[in-house]
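Asks: Sequence:
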Amino acid sequence: MFKKQTGFTLIELIVVIVILGILAATALPKFMGIQQGARVSILQGARGAVASAMNIASATQQSLSLASNVGVTLDGISILMVNRYPTAAYIYSAAGLSTDYSYVVAGTTATIQVVNAATPASCAFSYTEATGTAPPAIAPVVTSGC
Numbered sequence: 001m002f003k004k005q006t007g008f009t010l011i012e013l014i015v016v017i018v019i020l021g022i023l024a025a026t027a028l029p030k031f032m033g034i035q036q037g038a039r040v041s042i043l044q045g046a047r048g049a050v051a052s053a054m055n056i057a058s059a060t061q062q063s064l065s066l067a068s069n070v071g072v073t074l075d076g077i078s079i080l081m082v083n084r085y086p087t088a089a090y091i092y093s094a095a096g097l098s099t100d101y102s103y104v105v106a107g108t109t110a111t112i113q114v115v116n117a118a119t120p121a122s123c124a125f126s127y128t129e130a131t132g133t134a135p136p137a138i139a140p141v142v143t144s145g146c
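The opening residue of the sequence shown carries number 1 in our numbering; numbering runs sequentially from there.
Derived by calculation from the structure, the hints in this document are not laboratory data.
Hints are supplied without guarantee of correctness; some may be wrong.
Unchecked claim - SDA-like, lysine to any residue: derived pairs with alpha carbons at most 25 Å apart:
hint: 1; residue 1: Lys-30; residue 2: Ser-144
hint: 2; residue 1: Lys-30; residue 2: Pro-120
hint: 3; residue 1: Lys-30; residue 2: Val-40
hint: 4; residue 1: Lys-30; residue 2: Ile-42
hint: 5; residue 1: Lys-30; residue 2: Val-105
hint: 6; residue 1: Lys-30; residue 2: Ile-17
hint: 7; residue 1: Lys-30; residue 2: Gly-45
hint: 8; residue 1: Lys-30; residue 2: Val-141
hint: 9; residue 1: Lys-3; residue 2: Leu-20
hint: 10; residue 1: Lys-30; residue 2: Val-18
hint: 11; residue 1: Lys-4; residue 2: Gly-21
hint: 12; residue 1: Lys-4; residue 2: Ile-14
hint: 13; residue 1: Lys-30; residue 2: Asn-116
As the list claims (entries may be wrong) - Taking CB as the label site, the calculated pair distances span:
hint: 14; residue 1: Lys-4; residue 2: Pro-29; range: 41 to 49 Å
hint: 15; residue 1: Asn-55; residue 2: Ser-98; range: 16 to 24 Å
hint: 16; residue 1: Ala-89; residue 2: Ser-65; range: 37 to 45 Å
hint: 17; residue 1: Thr-108; residue 2: Leu-20; range: 37 to 45 Å
hint: 18; residue 1: Thr-73; residue 2: Ala-24; range: 49 to 57 Å
hint: 19; residue 1: Leu-28; residue 2: Thr-119; range: 15 to 23 Å
Ideal Cβ positions, reconstructed from N, Cα and C, are used throughout, including at glycine.
Produce the entire structure from the sequences given, and follow the hints as far as they go.
Replies: Structure follows, in structure tokens:
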């Protein structure tokens, strides 16, 4: 005689949707912070890879007793050298960076950026190739646009 109720009432469904909305609103800023932190971390990792590749290429060239401007091969990749260190145009390849990064070479300076950053130019660092009197310089990371 009495029909048993199945399912949810409209009020119950609305309450659940409101609760999910509140949870989403509080979780979204935290999620955005995680993405920014991840971009900063991969940028710092790229800077470390560039520093390591720079030193490995230099050590390889010196261990083979090559002249200071003779290129070397690292993992099957030819690297042009200047004053015992990789040139700005070849440091990206020497470090083995992935497509998560882009790089722009202007003269003797390469700027490496995180591709998916909010402002890629402000989520970057630069590598300036060696001169006759100074070793290469790797600038600190800029993370304001990550």
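Asks: None of the hints should be skipped; say for each whether it holds.
Replies: Outcome of the hint check:
With a CA separation close to 18 Å, the supplied pair Lys-30 and Ser-144 stays within the 25 Å bound. With a C-alpha separation of about 21 Å, the suggested pairing of Lys-30 with Pro-120 holds against the 25 Å cut-off. Straight-line distance between C-alpha atoms of Lys-30 and Val-40 comes to about 15 Å, which keeps the hinted pair within the 25 Å bound. Restraint check: the Cα-Cα separation between Lys-30 and Ile-42 comes to about 19 Å, which is no more than 25 Å; the hinted pair holds.
Restraint check for Lys-30 and Val-105: not satisfied, since their Cα atoms lie roughly 35 Å apart, outside the 25 Å limit. Taken as a hint, the Lys-30 and Ile-17 pair is honoured in the structure, with Cα atoms around 20 Å apart against an allowance of 25 Å. The hinted pair formed by Lys-30 and Gly-45 meets the criterion: a straight-line CA distance of about 23 Å does not exceed 25 Å. For a cut-off of 25 Å, the pair hint linking Lys-30 to Val-141 stands: about 23 Å separates their Cα positions.
Taking the CA atoms of Lys-3 and Leu-20, the gap is near 31 Å; set against the 25 Å cutoff, the hint is violated. Under the criterion of a C-alpha separation no larger than 25 Å, the hint pairing Lys-30 with Val-18 is consistent with the structure, at around 19 Å. Note on Lys-4 and Gly-21: the hinted pairing is violated, with a Cα-Cα distance of about 31 Å set against a maximum of 25 Å. At roughly 22 Å between alpha-carbon atoms, Lys-4 and Ile-14 fall within 25 Å of each other, so this suggested pair holds.
For a cut-off of 25 Å, the pair hint linking Lys-30 to Asn-116 stands: about 18 Å separates their Cα positions. In this structure the hint that Lys-4 and Pro-29 lie 41 to 49 Å apart at CB holds, the actual value being about 44 Å. Roughly 20 Å separates the CB atoms of Asn-55 and Ser-98, a value that falls within the hinted 16 to 24 Å. A hinted range of 37 to 45 Å for the beta carbons of Ala-89 and Ser-65 is inconsistent with their spacing of about 25 Å.
Remark: the range hint 37 to 45 Å for Thr-108 to Leu-20 is contradicted by a beta-carbon distance near 54 Å. One distance hint, 49 to 57 Å for the beta-carbon pair Thr-73 and Ala-24, holds here, with the actual separation near 52 Å. A C-beta distance of roughly 20 Å is found between Leu-28 and Thr-119, which places it inside the suggested range of 15 to 23 Å.
Hint violations for this structure: numbers 5, 9, 11, 16 and 17, all remaining hints satisfied.
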